[in-house]
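Student: Sequence:
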Amino acid sequence: MSESVYAPLDREVEDSPIGVSPRRWQQYFYLLLAFYALSVAVLVLEPFQQRGSAGITIFPEFSKHQVTFRENVTFERDIPGINNSVWNSLLPEGAGFIKVDEPTRFGLSGGFPLEDLPGTAEQYCISMFHQLNCLATLKRAFEIVKQSPRSSEPDLLLEHAAHCWDYLRQAIMCAADLTLETAIVKDGKMLSSVDGWDSTHQCIDYGEVYAYAYEHRSNHNQDGIINEGENR
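In terms of this note's numbering, the sequence shown opens at residue 1 and continues consecutively.
None of these hints come from the bench; they were simulated from the model. From a predicted model like this one, the values you see are computed outputs, not experimental measurements. Backbone N, C-alpha and C define an ideal beta-carbon position, used for all residues, glycine too. Misleading hints may appear alongside valid ones.
Have a look at the derived ranges for each label pair, beta carbon to beta carbon [unchecked claim]:
(1) I56 - D195: 37 to 45 Å
(2) D195 - E115: 42 to 50 Å
(3) T57 - A176: 13 to 21 Å
(4) S199 - Q170: 17 to 25 Å
(5) A171 - V194: 17 to 25 Å
(6) M173 - E102: 26 to 34 Å
(7) G110 - E71: 37 to 45 Å
(8) Y206 - Q170: 17 to 25 Å
(9) Q170 - V86: 20 to 28 Å
(10) N83 - E115: 31 to 39 Å
In the SDA-like style, the derived pairs of lysine to any residue whose C-alpha atoms are separated by at most 20 Å in a straight line are [as the list claims (entries may be wrong)]:
(11) K99 - L117
(12) K99 - V209
(13) K99 - G111
(14) K99 - I56
(15) K99 - Q123
(16) K146 - V73
(17) K146 - S85
(18) K64 - T179
(19) K99 - P60
(20) K64 - A211
(21) K99 - Y214
All chains should be modelled from the sequences, with the hints used to inform the complete structure.
Tutor: Written out as structure tokens, the structure reads:
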């Protein structure tokens with residue numbers, strides 16, 4: 001009977017209680033560690049990859065400019081919602097509602113469907129124009145109460161006004177304009193208060209956003225800053 005011959009073990013394996021050299025265990029350890037790191041990377045980075053691919057914005061790169069705020073008595077005195085109101089000029093035709101084709105490409109969902117086939121095109125509202133609509137609603141309600149305290153304003157407008165207080169609060173906090181405003185100077189005396197005028201802000205070009213909203217409008221008939229038949 002031939003004698004079985006085994007390849008000799010190296011010294012490290014002979015000294016190991018389980019017959020595997022420490023060097024080989026080290027290799028296994030690093031291999032398992034690499035596999036674990038790869039698994040974690042797949043689980044963690046996959047959502048970021050999805051957000052990255054879906055984070056493509058529908059908007060172009062709008063210009064930014066420094067704008068110094070000045071008092072405009074026309075907007076202070078005019079009443080939104082009346083004919084030829086200067087407030088109407090703030091919203092383009094379509095009132096800031098735009099059409100987005102294939103919204104899922106941009107990570108969007110929940111818009112009003114504009115086509116029979118789901119996901120083909122949806123309608124969304126640019127928040128800035130909604131905010132202007134809310135501001136105009138509050139201005140109109142204020143002017144009506146000031147001029148005719150007993151006026152019976154439509155209930156829908158009053159409900160909208162109630163919604164606008166908190167909506168604008170959140171919009172202002174979200175934008176978090178960090179402009180440092182200077183003190184009021186009255187009759188040559190500096191006061192420890194501010195009115196916001198003559199302070200310079202870094203602003204997105206409103207005209208470019210206006211043009212984009214007009215070009216991509218979803219409704220060619222809707223105009224005016226206040227539409228009492230619509231809930232925003």
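Student: Confirm or reject each hint.
Tutor: Cross-check of the supplied hints:
The hinted window of 37 to 45 Å between I56 and D195 holds, with their beta carbons roughly 41 Å apart. As the Cβ distance of D195 to E115 is approximately 49 Å, the hint placing it in 42 to 50 Å holds. For T57 and A176, the hinted distance range of 13 to 21 Å is satisfied, since their beta carbons lie about 20 Å from each other. Checked against the hint of 17 to 25 Å, the pair S199 and Q170 passes, with Cβ atoms roughly 23 Å apart.
Checked against the given bound of 17 to 25 Å, the beta carbons of A171 and V194, roughly 20 Å apart, stay inside it. Look at M173 against E102: about 32 Å separates their beta carbons, and that is inside 26 to 34 Å. A beta carbon spacing of about 39 Å between G110 and E71 agrees with the range 37 to 45 Å that was offered as a hint. In this structure, Y206 and Q170 meet the distance hint of 17 to 25 Å, their C-beta atoms being roughly 21 Å apart.
Q170 and V86 have their C-beta atoms about 26 Å apart, which keeps the hinted 20 to 28 Å range intact. The hinted window of 31 to 39 Å between N83 and E115 holds, with their beta carbons roughly 35 Å apart. A distance of roughly 15 Å separates the Cα atoms of K99 and L117; the hinted pair therefore holds under the 20 Å criterion. Proposed proximity of K99 and V209 is supported: the alpha carbons are some 14 Å apart, at most 20 Å.
At most 20 Å may separate the alpha-carbon atoms for a hinted pair to count; K99 and G111 meet this at roughly 9 Å. Distance hint between K99 and I56 is fulfilled; the C-alpha atoms sit about 16 Å from each other, no more than 20 Å. A distance of roughly 5 Å separates the Cα atoms of K99 and Q123; the hinted pair therefore holds under the 20 Å criterion. Using a Cα cut-off of 20 Å, the hinted pair K146 and V73 holds, with the two alpha carbons roughly 17 Å apart.
Under the criterion of a C-alpha separation no larger than 20 Å, the hint pairing K146 with S85 is consistent with the structure, at around 18 Å. Our distance criterion of 20 Å between C-alpha atoms is met by K64 and T179, whose separation comes to about 14 Å. Under the criterion of a C-alpha separation no larger than 20 Å, the hint pairing K99 with P60 is consistent with the structure, at around 15 Å. Restraint check for K64 and A211: satisfied, since their Cα atoms lie roughly 15 Å apart, inside the 20 Å limit.
Using a Cα cut-off of 20 Å, the hinted pair K99 and Y214 holds, with the two alpha carbons roughly 10 Å apart.
Checked against the numbered hints given earlier, this structure breaks none of them.
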